[in-house]
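Starting from the known structure of chain L, fit chains P and W onto it as the hints suggest.
Chains as they are written, first to last, in the numbering used here: chain L, 3 to 107; chain P, 611 to 1230; chain W, 58 to 544.
If you are wondering where the hints come from, they were derived from the structure by calculation, not from laboratory data. A few of these clues could be false.
Estimated spans, in silico, between C-beta atoms of each pair [as the list claims (entries may be wrong)]:
| # | chain 1 | residue 1 | chain 2 | residue 2 | range |
| --- | --- | --- | --- | --- | --- |
| 1 | P | A1199 | L | L75 | 31 to 41 Å |
| 2 | W | F76 | L | N34 | 34 to 44 Å |
| 3 | W | Q224 | P | V1169 | 34 to 44 Å |
| 4 | W | I225 | P | G1155 | 31 to 41 Å |
| 5 | W | V464 | P | H971 | 47 to 57 Å |
| 6 | W | E499 | P | W1084 | 53 to 63 Å |
| 7 | W | W520 | P | E668 | 55 to 65 Å |
| 8 | L | A63 | W | V247 | 51 to 61 Å |
Pairs of lysine-lysine, DSSO-like flavour, derived with a Cα cap of 30 Å [claimed, not checked]:
| # | chain 1 | residue 1 | chain 2 | residue 2 |
| --- | --- | --- | --- | --- |
| 9 | P | K1057 | P | K985 |
| 10 | P | K978 | W | K418 |
| 11 | P | K1057 | P | K978 |
| 12 | P | K1185 | P | K637 |
| 13 | P | K985 | W | K418 |
For every residue, glycine included, the Cβ atom is placed at its ideal position computed from N, Cα and C.
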Amino acid sequence: MNFALSLPLEHVFVLAAALFCIGLTGVLVRRNVMFVLMSLEVMMNACGLAFVAGGARWAQADGQIMFMFILALAAAEVAVALGIVLQLSRRFDSLDVDSADEMHS
Amino acid sequence: MDALWLIPTFPLLGFLVLFLSQGKLPKVVIAIVGAGSIGFAAVVAVVVGKAFMDGGAEPHSQQLWTWMRVGEFVPEIRLYLDGLALVMTGVITGVGFLIHVYATGYMWDDPEEPEGFSRFFAYMNLFVFAMLMLVLGDNLLVLFLGWEGVGLCSYLLIGFYHRDPNNGYAARKAFVVTRVGDTFMALGLFLLFRELGTTEIQASLAAANIAWPEGSTMATVIGLLFLGGAMGKSAQVPLQTWLPDAMAGPTPVSALIHAATMVTAGVYLIARMHDIYLISPEAQFWVAVTGLVTLFISSFTALVQTDIKRVLAFSTMSQIGYMFMALGVGAWSAAVFHLMTHAFFKALLFLASGSVILALHHEQDMFKMGGLWRKLPIPFVSMLVGSIALAALPLTSGFFSKDAIMLTAADNPAAGMVFWGGAAIAAFMTALYTTRMILLTFFGEAKTAAHDSSGWNMNAPLIILCGLALGGGWFGLGIVSGVLPDGGITTHDHFSPIALVTMAMPLLGILTGWFVFGSARGGSTQLPGTEFAENVRRFWYSGWGFDWLYDRAVVAPFVALARMNKNDFVDLAFKSTASIARGMHHVLAVVQNGRLRWYAWNMVLGLAFVVVVVMWEVLD
Amino acid sequence: MNILALIMGLLAAGVVAAFSERIHQHAPRWVSLIAFVVALIYTSSAWLGAGSGTEEYARQVLPWIPRFGIQVYLVLDGLSLMLVALTAFVGIVAVVSSWSEISERHGFFQFNILWVMAGVVGVFSAFDLFLFFFFWEVMLIPMYFLIAIWGHENRAYAATKFFLFTQISGLLMLFAILSLVYFNYQATGVITFDYFELRNASLDPDVAWWLMLGFFVAFITKLPSVPVHTWLPDAHTQAPTAGSVILAGILLKTGGYGVIRFAVGLFPEASQDFATVGMLLGALSIVYGGYMAYSQSDFKRLVAYSSVAHMGFILLGVYAFNEIAMQGAVVTMIAHGFSTAALFMMAGALQQRLHSREMSKMGGLWVRAPRMGAMTLFFVVASVGMPGLGNFVGEFLALLGAFQAHVPLTIAATIGIVVAAVYGLSLMQRAFQGVPNPDVGEIEDFGAREMTVMILMMIGLVWLGVYPQLVLDLSAPVITSLGVAGL
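Isolated chain L, as found in the complex:
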């Protein structure tokens, strides 16, 4: 079952891993909350890519189903996250995540 292109699975996984690392780096180093969220989005899509590729490789529906979940999750996340972003900018007058470090002992 090898329709469309016969992209080796490894290549897709390498791409997914690279995307994941890029996203992760963004999360770890960016201070602007918008960029952090975008980086998270990249990480999730990296996972989604891996799932889709895996599903295609073994011809199972699971991969696509998982991707659907990730989409739903991303939508929910964005809804909540944008609320947080709004609160952050309203309360701290900034989009810097470190400005909300009030929980230190």
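Only chains P and W this time, still in chain L's reference frame:
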């Protein structure tokens, strides 16, 4: 005879009435209840005593109820009357009644405690009740009830003027020091019960005679433990330091509790338990030594006191020392005899000094008295009579008893001459300090104005006691002969050389006193004024340094340690557990810094760590 | 008599009290008072109704969780009965002593008092180990609230400390209970929490020793004994008056009761091996507790430490393993219930009047309030161990019995009676005697309400002191059934 139970009941009722009425009765009623209850008890004691004598002085016991029943331990509340108990009961109720009557006058307008009249008589009645239980109880536990009860009343009455913290301190000291003795006594009781299985006095003595051979260690240990108890209550060396301070109480209290009755409880205890000491001559010997040391030390101390009541307090210690020595050398009856005569003349001395003190508006310093014999004739005569009895001039009551003691002591095989010699020196000193007291108080120039306000209720007891102090010696003491092992007072040859010396010592003391203190007529406060003499005087004055020693060796470390450990070092263990937990909390709280990226980093590193570990395992 | 009804009644009265506050602010205390009076009458009638020689006054067995052999197994024998009666009486004292002290949440306050007491009644009557542990916890939580909500300046610390000590030691006991059931199940194949069944469990001596230790630690923490006593002074000092009264009057006795009933009752041989340690802790508590009492300047702390000393006599008596000493321990429990409850009531009354517990701020109070002075004197004298009053009988019997078992430790403990005199009289001196403190104005003396309770306790102590036979007869069959040798 069946009315025996009434004797302690009357004082108890008196106490209850006075206690429950909370001082709301009129003063006259309080006086009648307070003194009357003891009067009734005295009347019953006379009736019972007569029945006892008519019945051939056979011991009689009356069962009231069983205190408790726990396995083999079944102490009964039972009263037991024999000659010894009767003598004690007579002294307690008779002298007690006179002192109560006197107190109705003495305490009537008390400036320091105007509202304490009822409280005073409540405590006094309770005391008499406890003292009667002590001498009438047929069980060591009942005796112990009375023993602790009199200690409590002593505490309450010493601290009667409770506004002055010094009095409170004196009262606590008296209670705590006697409690030390009580601890010994309690241990003796435990041991006695363990060995003999009973705490009944008569039964245990009978059992002891069967169970223990002469010289038995057990008897010695028990005898010494009881001696420890007696030392505390009777103010014998080394537990004597509380008695002089106990003079903080009102003077009738000193007369009743700290002269006539409670302080002789130790003598009673040893006389009552005499079988133990017969089995163990060693314990008995130590009784004599205790008495000798005390009578010697305190007679010197009495000589240099300035407070009239303290002179009498040290004199009391010294006289009780004579009683202990008598018990120790086997002059059992003479000890009890001296107990009785001492109760007469020492109560008399205290009450007479009370009249003087009252007339001088609570002035107790003898150097501020003087020249009072004209103004206070009745107290003067009483004091004089009491003094010659105390000094044991021939034919007074004190003479008969003290003479019997000293002559028996001289016959003691162990250390007769030491006992006799010490006692003779003390007899000389007794006469000396007594003379000094009389001269300072009643002769010389007057230094403080006196107002004799004593009525018949104060004078009548003095006069009656004068009669007893003079003639009390003629009673003899036949009734104890059946109880005590020596079968009555041993008669001695009154014209042997040693007897003549014994008789001469007091006379010598009086003469010396007249020359030393009489010439200056109270002006000289001390012996010749060299520095050495002054140091000796100070040493004697302090009661031979016992208080100094105890303060440093016991009280000061006790208090210092208590201050140091106020917060309980045991709690440190738990508090440090809590601090360790709190410290860990602070360490861990650092990671909770609220920075999102810090958390993310941690997550990544943690994950990486897990992955590495898992890979490691897999690859292995 | 229906024990379950008594417990349920107290619990229900608690709920009623909580809601009755809506009717009137002072309704709860009346509900509470009536509940305790009824409980006392109910218990006493069971006692008086039974003939002499009765060994069991009530017994109720209901299934609860049959699968694990857990029952509602309630029995009142002599020991339990007298302690339940004491509980009801201390309840009355507690309510009266806090009559006008509480200014907020009256309903919840009385609710807590009633629930503690219901728990205590349960502890004294439960013969199913699971049920026992259940009640053990039931009495803990309301007590925590009493201290934490109505306590004084440092209440949070004290309440937490109390909770932690009791809870951790309770955990050890729970572990011991479960292990005991498990070992019994291994031996017999039956899961049961029944006290009488478990008494007959055959255990390896080493195992029995460890299990006994679990119970022992829990109970001596509650008692408390040195060295786990340090929660008591804090809890007492910070608790409201009713809390202190309950704590000293009855809660500590659950520890003594537990030692007798469970530590010794379930593991007689192991306890016998342990006797010297038990007596040592007892003697240590007597002397050290008394000494610490002397060191204090806070009225309540002093009385709290004196409780440690008195509880030492219980430990000493129980582990002497003879009838006399054990009876001494039982009498001490009852007598201490009266004398210390009274002293804490006094401390509460003084704090209410002077707003201080510091004795340096007292002094000379006898002049201002002679009735309070006389009452304090009486109860101090009782706790010093004056013959003729209840405490003496208990302490004397405990010492007399202990002397037969271990002489040096008894001598050490006897020194405690001197120390008792030192701290007792120093309390009296510092608070009531001496020059009246000029900073203290007129204070109100005890009124009829307080005096009634005080006089009841006085009568109790005198009665116990001159004729303790009724109490001794109640506990005698229990002590015999423990297999303690007579003398």
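Exercise. Okay, P:A1199 versus L:L75 on CB: inside 31 to 41 Å?
Worked result: At 32 Å between Cβs, range holds.
For this session: Could you see if the CB distance from L:A63 to W:V247 stays within 51 to 61 Å?
Result: 55 Å, holds
For this session: With a cut-off of 30 Å on the C-alpha distance, tell me whether P:K1057 and P:K985 pass.
Result: Between P:K1057 and P:K985 the Cα gap is close to 13 Å, so the pair holds against 30 Å.
Exercise. Are the Cα atoms of P:K1057 and P:K978 separated by 30 Å or less?
Worked result: The given pair, whose Cα atoms are some 5 Å apart, holds under the 30 Å limit.
Exercise. So the hint says 55 to 65 Å: do the beta-carbon atoms of W:W520 and P:E668 match that?
Worked result: 35 Å, violated
For this session: Verify the proposed pairing of P:K978 with W:K418, using a straight-line Cα cut of 30 Å.
Result: Answer violated: P:K978 to W:K418 is near 38 Å, above 30 Å.
Problem set entry | 30 Å Cα cutoff - pair P:K1185, P:K637 | 58 Å, violated
Problem set entry | Assessment of proposed distance window 34 to 44 Å (beta carbons of W:F76, L:N34) | 57 Å, violated
Problem set entry | Distance restraint hint 31 to 41 Å, applied to the beta-carbon atoms of W:I225 and P:G1155 | Taking Cβ atoms as reference, W:I225 and P:G1155 lie about 53 Å apart, which means the hint is violated.
Exercise. In this structure, is the beta-carbon distance linking W:E499 and P:W1084 contained in 53 to 63 Å?
Worked result: 59 Å, holds
Exercise. Does the structure keep P:K985 and W:K418 at a Cα separation of 30 Å or less?
Worked result: Violated, because 47 Å separates the two Cα atoms, which is more than 30 Å.
For this session: Look at the Cβ atoms of W:Q224 and P:V1169 and judge whether their distance stays inside 34 to 44 Å.
Result: Holds, since W:Q224 and P:V1169 (Cβ atoms, about 37 Å apart) stay within the stated range.
The structure is inconsistent with the numbered hints 2, 4, 7, 10, 12, 13, although it conforms to all the rest.
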